[in-house]
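S.K.: Protein chains in written order, with the UniProt record's numbering: chain A, 1 to 477; chain B, 1 to 477; chain C, 1 to 477; chain D, 1 to 477.
Be a bit skeptical, because a hint or two may be false.
The list makes no distinction among identical chains, and a pair is therefore deemed to hold if it is satisfied within one copy or across any two copies.
The calculated BS3-like cross-link candidates involving lysine-lysine, where the alpha carbons are at most 27 Å apart (straight line), are [unchecked claim]:
{"no.": "1", "residue 1": "K216", "residue 2": "K340"}
{"no.": "2", "residue 1": "K317", "residue 2": "K340"}
{"no.": "3", "residue 1": "K216", "residue 2": "K238"}
{"no.": "4", "residue 1": "K340", "residue 2": "K352"}
{"no.": "5", "residue 1": "K317", "residue 2": "K374"}
{"no.": "6", "residue 1": "K70", "residue 2": "K317"}
{"no.": "7", "residue 1": "K216", "residue 2": "K374"}
{"no.": "8", "residue 1": "K374", "residue 2": "K352"}
{"no.": "9", "residue 1": "K351", "residue 2": "K417"}
FYI, nobody ran anything at the bench for these hints, they're computed from the structure.
Number of protein chains: 4
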Amino acid sequence: MTSELKSLNEECGVFGVWGDSQAAELTYFGLHALQHRGQEGAGIVANQQGHLTGELGLGLLTEVFDQPDKLAALTGAAAIGHVRYATAGSSGIENIQPLLFNFTDHQVALAHNGNLTNAVSLRTELEQAGAIFHANSDTEVLMHLIQRHAAPTFKQRLKASLRQIKGGFAYLILTSDALYAALDPNGFRPLALGQLPNGAYVVASETCALDTVSAKFIRDVQPGEMIQIDDNGYQVEKYTTETQLSVCSMEFIYFARPDSTIYGVNVHQARERMGQQLAREHPVDADIVVGVPNSSLSAANGYAAASGIPYEMGLIKNQYSQRTFIQPTQRLREQGVRMKLSAVSAVVAGKKVALIDDSLVRGTTSNYIVRLLKEAGASEVHLLIASPPLRYPCFYGIDIENTRELMAANLTLPQMKTKIGADSLAFLSVAGLIDAIDLQSTAPYSGLCVAYFNGDYPTPLYDYAATFEPPRVLATT
Amino acid sequence: MTSELKSLNEECGVFGVWGDSQAAELTYFGLHALQHRGQEGAGIVANQQGHLTGELGLGLLTEVFDQPDKLAALTGAAAIGHVRYATAGSSGIENIQPLLFNFTDHQVALAHNGNLTNAVSLRTELEQAGAIFHANSDTEVLMHLIQRHAAPTFKQRLKASLRQIKGGFAYLILTSDALYAALDPNGFRPLALGQLPNGAYVVASETCALDTVSAKFIRDVQPGEMIQIDDNGYQVEKYTTETQLSVCSMEFIYFARPDSTIYGVNVHQARERMGQQLAREHPVDADIVVGVPNSSLSAANGYAAASGIPYEMGLIKNQYSQRTFIQPTQRLREQGVRMKLSAVSAVVAGKKVALIDDSLVRGTTSNYIVRLLKEAGASEVHLLIASPPLRYPCFYGIDIENTRELMAANLTLPQMKTKIGADSLAFLSVAGLIDAIDLQSTAPYSGLCVAYFNGDYPTPLYDYAATFEPPRVLATT
Amino acid sequence: MTSELKSLNEECGVFGVWGDSQAAELTYFGLHALQHRGQEGAGIVANQQGHLTGELGLGLLTEVFDQPDKLAALTGAAAIGHVRYATAGSSGIENIQPLLFNFTDHQVALAHNGNLTNAVSLRTELEQAGAIFHANSDTEVLMHLIQRHAAPTFKQRLKASLRQIKGGFAYLILTSDALYAALDPNGFRPLALGQLPNGAYVVASETCALDTVSAKFIRDVQPGEMIQIDDNGYQVEKYTTETQLSVCSMEFIYFARPDSTIYGVNVHQARERMGQQLAREHPVDADIVVGVPNSSLSAANGYAAASGIPYEMGLIKNQYSQRTFIQPTQRLREQGVRMKLSAVSAVVAGKKVALIDDSLVRGTTSNYIVRLLKEAGASEVHLLIASPPLRYPCFYGIDIENTRELMAANLTLPQMKTKIGADSLAFLSVAGLIDAIDLQSTAPYSGLCVAYFNGDYPTPLYDYAATFEPPRVLATT
Amino acid sequence: MTSELKSLNEECGVFGVWGDSQAAELTYFGLHALQHRGQEGAGIVANQQGHLTGELGLGLLTEVFDQPDKLAALTGAAAIGHVRYATAGSSGIENIQPLLFNFTDHQVALAHNGNLTNAVSLRTELEQAGAIFHANSDTEVLMHLIQRHAAPTFKQRLKASLRQIKGGFAYLILTSDALYAALDPNGFRPLALGQLPNGAYVVASETCALDTVSAKFIRDVQPGEMIQIDDNGYQVEKYTTETQLSVCSMEFIYFARPDSTIYGVNVHQARERMGQQLAREHPVDADIVVGVPNSSLSAANGYAAASGIPYEMGLIKNQYSQRTFIQPTQRLREQGVRMKLSAVSAVVAGKKVALIDDSLVRGTTSNYIVRLLKEAGASEVHLLIASPPLRYPCFYGIDIENTRELMAANLTLPQMKTKIGADSLAFLSVAGLIDAIDLQSTAPYSGLCVAYFNGDYPTPLYDYAATFEPPRVLATT
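If we strip away everything but chain A, and leave its shape as in the complex, we get (with noise of 0.2 Å):
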């Protein structure tokens, strides 16, 4: 299901290079199999032999960069990219990213793909001690620490920052002379490393974007490390030891992209065995397997075939749902009036229908889709989630920090079963879930953050702490 649908974001995507001619026009193309990621700003830094341009904008990456010319300006051979998406209050276009500083004698360019815990209490002792923020973002935050730090080095007032900020973060920091990545210690975000056949490198949230520029992948940036690129080469470095696997394991149920590895894991197969893993849990009677599309296909496929049950294309998505300024009215909405997912009446009527999605928030689009299969004929709908209930909030760079919109942190299953409207409802197990993502780690859930579905935080929650609030009712399944 698309995030147009579901009011689930993961909140942006990065991309970098270092060391080739076209590295902005390299940076777009990674940008664009990213978009997934983020589609409500972009902006693209390059390094012009020292000198730092950038053009950003807010919208699509086709959006910001409309005019050939607006790509052809940014010449020189690294640059770093981003692709947003913008929480409530700071949608304004000084928070797309990067974020350019200019500085009377250097220039730093930051791209944040994450969330800070302890972003406020840090903003306010700034503020405190004089700094003027301009923008909301995280990102600013840690320009600040950098600037504030005495020690020497660039790198080095860079890395006692990084031990500062707390919570889910990836950065890219481009300077007139090196690119550098780093990633929090949980390493809840993924950040890929690769190289291109002329020996440029690349960093990208995920390698399907590697793959888009033809580069070899190399490795995934480990938690708490920090990767220098320059004209010598990459070296890494541990900015800090205390680290622990965690990864969102929300980029496997939803986010990255079917094409991408993480940690070793391809996401498209780790659905399939969610689908699997779901079916064994709850087999269902039922005459065809149907999937939400797009995200649910590997998950629907992965039922069908575990369970013996066909797959058949149920549901069809308009390709053309993207950007609509017009919704039907409330009268035409009563009337029946739908614009971006349809069902197929001829392979659903009379059928019994085992409807697979890869995970449920509000319930809102799961009732609709339930109502849209019987109106053509379903006999029956029994809604498989391919993942545990959402029931926590997540601080860590998925915009689900309030619990009071989680279907699943404030109805029990028979409860939701009735709001939505479905035959039957099951979710897949957390236990199942790690077992079907099969990570291969010795950290705590092998390496998974699943505090959403269990409030396992991997961490403190710092400035969020205060305002926590747990689920208004006990588990689900």
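Chains B, C and D: place on chain A using the hints.
M.R.: Here is chains B, C and D on its own, set in the frame of chain A:
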């Protein structure tokens, strides 16, 4: 595969409403479901108590109606709309439909899907008689004919004019007091009549648009029919009795949306049967079946089911690949930068792949995809096309008027296989196609037009006869 | 005073070039000098080795040609252009000129300044004979007439058509091999022929446009003339001998640029003489003379010189008052917020002001200016209009087709004075106007059309005769 | 002459309101009257019950507020606004003012007219102390100073900061509970306080903006003053006692609108007196006096009155010459194509012309105008400049920081006359200028800054001292 990858284009979609106070809004949502039939222009004309006003523009529907005001201005209980694919030489705003003609004492709006085969000779005759044409479209020819007939009523003049034009056409015509739908004597293009719960009538190029507005399907418009819809209901008339069903088979193969049903046959299921038939005609030794997203997924599913070879998601289409103004430079293309499709290495590496595509036009995309799969590690790629070789031009509304770019018109099967780089190449037979679609008509080819495959055109070619060129090679398969 | 303050509008300006390799650029700069004749649309059609292509749009010339590319695309050695004032009901893009007609075997572009008096009856006749009109302009009528004549050459058909149309018109017509300029039998609208140093010919609505491109003035086009310009030079023909000079006197009073010369009379100097004559007809006891910027400054200068009262800059016009989308609300207007004109308090405080305006249309602006001056401290304001009272509609190309909004058609002089709030009010006499312009013609009114002042129209009114309404009050002065 | 012809630019206009429910609308209309002070950016920040929100953009005010919604969104009873001229290297959107600073617990908006002479050294110091600057403007320097002071109240920190900055400045500062207006110790830039009929207070760069909103003038802000306006009325304080009046004389000569009054002197009348004084200092044998439109018309009027030579409209300025994207090519310029000014041949032919211009910067425009008049037939052209030769850079807010482009800094009077092509050339003396403006102050030069003419700067040059270059030639006159 999308039209962005293929140079194969449908020439339009039409939608009309009579009797609903939100006629223009319904038309907007109806057209939205038909957007795949034309992305280069859109327009809506509404009947506001007898006065027609319109809004139209270049680009996607959402680009034309980029402010709710533009749609809100189109009040009234009847409307027609159009989405357009612009052929070379007719891409200007003046060709965007519906065309609205303002006479001193009346108004007429026309929307057209199809292509006339005697438009040039009619236009030449009309100009010699003093007519001035504003645009290049066939639609304007019909208006001039209507205007110059002497019969007392508009309907009589319209019927007489319909008898003069030849080729493939589905017209919607809106006047101050009626909505007319007219189909050519062969029914080349689909056109369906439906009814809303409140009694309003709806006409659309495909049934998926009826579903989108929750209209109940009443009937397909039949070859040679003209339907008049007004405040007294609808009335079906034959403007000619010399009819013979020849539905465009490419509608089933590629153009129509999978959830549409044409003359009783669901498109998705027809495609599944094409895939099944293809499996019977051309079994291959493969580990996995992979379909080219999105249009070949139904056929791939059918091939997998019939062959027993598992279906896998080996190719991913970037959902944001529409509307890109920036393409990789030659150097980057050679370096392997790609924007629209990615192969999932984890799925295809080391595998023998049965690659299913719905059709083959120029062959360049097939070559590209085969290389993509091989670079991702596929050990063998067998390309299986779920339709026969395209060898002849179409004159009834599909943009294949020139055979020079049709691979199968110029190369033998072994030459094609070599050029594409596949380990084997096979096409569905014409007989297999006809069986798979299974249209249940007693007309030749069971009521399908298969002229692009075998050159057997169901009508004379008129203006096109003089320049017609047969394929350069003998039958491919 | 600008047309933004008055509801009095000229209906267009035309410009054409034959024989210069930068014909479209020259047309651009020529039209720029004619922008005051129409601000709501502009266009240029160029002849590129026999093929005509154009670019046009809504708004100012600089808005239509907002990218150098648009102009650069119009290569070729001949071009015609048009700036347009859009009358009610004809403001759409389809009415922007030049109109370019594409026939199967030839092309014609037309640009028109003026208004036909028999357009409606011609259009009705043509439609009954099967013609389809695309837009509302009179220009299209001429094209239909040309197209339907049987004469063998284009020029013969054009001349026959010119004899059929009535009213005021100045046409430029571009074909693949010639540029035609044609003027109505009364010469209502100005049109001048000039020559560039390189021998190329130029035709323009006003001589100021010839000056702008450094063209030497050759001659005014005379009533009933058609001039053909081609690679052999220019050739003047009379298409009719029934002519009588009746130049629009409003061109001298208000429309034309002060640096233009019409039939030998410089506009600025004519206005100065109007001011001098006004001083002789209506001396007032005043301390200073103030003109309404910008169009009344010449007349004010003349009044000051003849009366001996010093001219002072008592009113300032905001140079940025064009194109404002935001107007003061009712409350702010009442509070005194004003955008376009300011009174210079230091100049007018305590002074008796002789306020000179070129003409008086609805009177609302005069009332506004009188109040402005009094609020700035003027002790008396005597409003002196340098032209006679506007009491009759114009049918030859000025937008005063309705007398309901003409103050002098509905109120007596004392009523007008009271409503405006001036201490006295006086107008120039018709005889004084004729003397001041001093056109040196033996035709009635020395060759001027003064019908707006006295109702003595130099031609029959044709289509307008039926609805013609005389002024409601008897002669004003 | 407009700034489009001269390379001489004022650097901004400011406007503020406290106490009117339509504060942003009033600010819009006030800025509209100040648009001549800056055309490259505009913005408004409104105080909506203590919360500040703003809208800003590049271009004219009417381009920034191109939809009424944008202004309507700025509700609240206080607002400040800014129109900006962008100096080289600071043309980005991030420099458009008012700058709005969002702190965790408060907000501040600043708008600035002027130029600081110690901005670079302050910025360097601040950065070394960890400050991060977002844009290049001097305005941000003030904010950093305020933020880093330790004093308990905002007002105390503001006053302390004002004492640290040097140069010319007129600041408006808006917080949640007050509007502050502050002027530099020399009063280089004008700033006036007024009051609306409803009691609301208004501050503006020029009194013409007070007139536009019907505000009554209260007083000029005096050098070294800070005025605090809040719900208790206004309160004037001196933040320093080391003051000395040195109003920018170019405000009187060229920048300010003729209807503005600065320190009791009306600008139009001052210019008339400059023209009169010029006639006394430099009588010429001429037939007519012609002023360069629009800014020299007052001086030309004065020259005519004092000399007895009649004033004539010999030059016409195209009213539509703003915002042209297309300029004549080299070939067309040589061919005589001109866009902005036209000479009225009928007026100047055969005449000896006394041409009055307000000032002379690079001389290229003067050369152009002299040629224009001669080509139109003028027998002699005597160029008389109603101000002294510009020979020194300005560091207080006018964009003449470089003397290389100042004609009078590089050539002697005879050289200038030759280069311009005039028959004679003369300038007003510095003493004559001071007499004509007649500012009635006991400060040096009667309270005017005349440093651009004689190099006698009223303050130290600080950061500019090191690179200061004197004129290359000795005194011109």
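S.K.: Looking back at the numbered hints, which does the structure fail to meet, lowest number first?
M.R.: Violated hints: none; all satisfied.
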